[in-house]
Amino acid sequence: MHIQIDEIAKDFGTTTALHPVSLSIPSGALVALLGPSGSGKTTLLRILGGLELRTSGRVMFNGQDATGLLVQERRAGFVFQSYALFRHMTVFENIAYGLRARPRANRPPKAEIERRVLRLLDLIQLPQIAARYPTQLSGGQRQRVALARALAIEPRMLLLDEPFGALDAKVRKELCQGLRNIHDETGLTTVFVTHDQEEGVELADLVVVMSMGRIEQIGKPADIRARPATAFVRDFIRA
Amino acid sequence: MPGLGLSAGITFAMLTLVVALPIGALLWQGAEFGAFGIWATINRDRVRAALWLSFRLSFLAACFNLVFGVILAWVLVRYRFPGRRILDAAVDLPFALPTAVAGIALTALYAPNGVLGGLTSQIGWQVAYTPWGIWLALVFVGLPFVTRTVQPVIDEIEPEVEEASATLGASRWHALRHVIAPMLMPAALTGFALSLARAVGEYGSVIFIAGNIPLRTEIAPLLIVIQLEEYNYGAAGAIGLAMLAISFTMLLTINLIQIWSRRRIGHV
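Residue numbers (the working numbering), protein chains in the order written: chain A, 1 to 239; chain B, 1001 to 1268.
Note that these hints are calculated values from the structure, not bench results. Treat the hints with caution; some may be incorrect.
[To be verified] Pulled from the structure, derived: some chain A residues nowhere near chain B, Cβ distances all over 10 Å: (1) D6; (2) G49; (3) Q72; (4) A76; (5) H88; (6) G98.
[Unchecked claim] Simulated restraints, written as ranges between beta carbons of each label pair: (7) A1181/B x S82/A: 17 to 27 Å; (8) A231/A x F1068/B: 20 to 30 Å; (9) P109/A x A1035/B: 57 to 67 Å; (10) A1181/B x H2/A: 54 to 64 Å; (11) L1244/B x G139/A: 32 to 42 Å; (12) P36/A x A1008/B: 35 to 45 Å; (13) L1251/B x E198/A: 40 to 50 Å; (14) E1156/B x E174/A: 40 to 50 Å; (15) L1251/B x S82/A: 35 to 45 Å; (16) D1155/B x G63/A: 55 to 65 Å.
[Claimed, not checked] Listing some non-contacts, in silico: residues in chain B with all C-beta distances to chain A over 10 Å: (17) A1170; (18) V1179; (19) T1253.
Only a predicted model underlies this, so the values are computations on that prediction, with no experimental measurement involved. Ideal Cβ placement from N, Cα and C applies to all residues, glycine included.
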């Protein structure tokens, strides 16, 4: 799905988190929002997901105004930094949650839900853990379960907030590849937030560098590396 | 394990002195009185009415506290408003206030010539000297138990969990039923049991507002005191034993429900 961000701004009280920013994300792209903490990247992601209300501006999904859509209506698969798994539910129940929460009229039958959950467990390459609880999983496994849970609702886009933030280097590398594969397989427009320039540059098709609530540069990873637009981008990419 | 002998010794000594000995004395008293005597005491109309009144109203008060205490805890943890800290501190007042003071204050408010009692009697609803008054006093003394057991659990639920539920398309109501309620259930049940236990044994705050009319507003603990004042230790012990047995059964049931719910909703 094509995402168009039109002069979106956000204030929290007297502090400005986002100055009006505009960005066009082509359908099927894998985009990194890259910047230090406080750069407004997470705020922008949360506005896309409907978790934060914008102060001004518009968001368009496939050319249609989506600014006023409720979180529940956006069908955005969201992966939280803390994963936010339901710890009193098994992995199976976590992944099935979105499907079971649908109103009866468009809820898939039980067998269909089970089939889809098992297929997603295959996709994240953890077919054996359906009966386990989140507390019994490693950090990397939790992240993949959170991803499967977000994919279960057949989202129109995938939004990830620092998806690899809390993991060690080796697991991070594996999961980066995993996300890349899942993106290529599903063809979903994917936006992820990161403060790690290496991660952003390696994984994404398109990198958006942000600082102090403004977009500093938008471009392909190679272009940003070769031709940083501002002093900030040059320093941040080198760091 | 180092220190096991010492700490186990202290624990058992304290438990024996503080819990086991008084209960043992009560059982001993009952044994001396004999099964026939116990039954003859309990099976009187006045005693049965008092036991039924005490346990029924304690249960109803604990049910009210379960709902309202959870809501209060939720508001105190999740919302920021002026006076929140004062309200938070005020929750503990029923713990600290001498129960007789609470009872007299409630009576003064709700008696037919009191500020609130005057209003309610205008619509034909009398609170003081009726079971309503007893219920009110029991709600007052039991409320902090639920709020204080549930509060830290709510504090630990990350707001992201609710956001995750919303991004998956679930309504607020669905999240409340399937995400929040199961997480709060064990703590809420513990608070319910504590509130219930406290209400069953409550004496000071109730006797002023109850009016103590035999067969109608006379609670079981008061009946025990009346028997003691008449040097009727056997009958007092018999009523005490009946209360002990009923309380034990109720708390056991709540514990079983907790075990069942923990098994059903898994690791919390």
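Quick rundown of the hints versus the structure:
1. D6: The claim stands: D6/A keeps its Cβ more than 10 Å from every Cβ of chain B (closest is about 22 Å).
2. G49: violated (6 Å)
3. Q72: Not fine: 5 Å to the nearest Cβ puts Q72/A too close to chain B.
4. A76: violated (6 Å)
5. H88: Violated: least Cβ distance 5 Å, not greater than 10 Å.
6. G98: violated (3 Å)
7. A1181/B x S82/A: 17 to 27 Å: holds (21 Å)
8. A231/A x F1068/B: 20 to 30 Å: Violated - the Cβ-Cβ distance for A231/A and F1068/B, about 59 Å, lies outside 20 to 30 Å.
9. P109/A x A1035/B: 57 to 67 Å: Holds - the Cβ-Cβ distance for P109/A and A1035/B, about 60 Å, lies within 57 to 67 Å.
10. A1181/B x H2/A: 54 to 64 Å: violated (39 Å)
11. L1244/B x G139/A: 32 to 42 Å: At 50 Å between Cβs, range violated.
12. P36/A x A1008/B: 35 to 45 Å: violated (55 Å)
13. L1251/B x E198/A: 40 to 50 Å: violated (58 Å)
14. E1156/B x E174/A: 40 to 50 Å: Given range 40 to 50 Å: violated, Cβ gap about 30 Å.
15. L1251/B x S82/A: 35 to 45 Å: 37 Å Cβ-Cβ, so the 35 to 45 Å window holds.
16. D1155/B x G63/A: 55 to 65 Å: violated (44 Å)
17. A1170: violated (4 Å)
18. V1179: Nearest chain A Cβ is 6 Å from V1179/B, so the label is violated.
19. T1253: holds (23 Å)
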